[in-house]
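Asks: Sequence:
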Amino acid sequence: MTVEMLKGKIHRATVVQAELDYVGSITVDEELLEAAGIMEYEKVQIVDVNNGSRFETYTICGKRGSGMICLNGAAARCVSTGDKVIIMCYANYDAEEAREHKPKVVFVDDENKISRVTNYEKHGLLKDMA
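By the UniProt record's numbering, the letter at position 118 of the sequence shown is numbered 118, and the numbering carries on one by one without gaps.
Hints were generated in silico from the structure; no laboratory data involved. Worth double-checking, as some hints may not be accurate.
To be verified - Here are the simulated lysine-lysine pairs, DSS-like style, with alpha carbons at most 27 Å apart:
1. K7 with K43
2. K7 with K102
3. K84 with K63
4. K104 with K43
5. K113 with K102
6. K43 with K102
If you're wondering where the values come from, they're calculated on a predicted model, not measured in any experiment.
Model the full assembly from the supplied sequences, consistent with the hints where possible.
Replies: Dropping the structure here:
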């Protein structure tokens, strides 16, 4: 038996761009992908904090250090520039691995620069996360 669990997450990144006339995906600063343990072309779930939409796509590496978060193709209709999004990927673990697994969680500032990386997810209000 395997359990699907959160593998990595980029928390509350700001959408910089949305390109409707583009072959699908989300372009993410390569530095953010690496910090979260998310690979290029890996399936991700996106949650738009501003409008509540949830959808799936795959990642494309953006320029390292650029802060790029760009929704491409049909996904561009699900967000607006300036929205905050949560980018999550999941993996399957056997029962023993699942008991010990801790996800990589990347917190970013308003320019999508890494402010903190953890190997856990503390639950609670944003104001209490410091």
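Asks: Are there hints from earlier that the structure breaks, and if so, what are their numbers?
Replies: No hint contradicted; all consistent.
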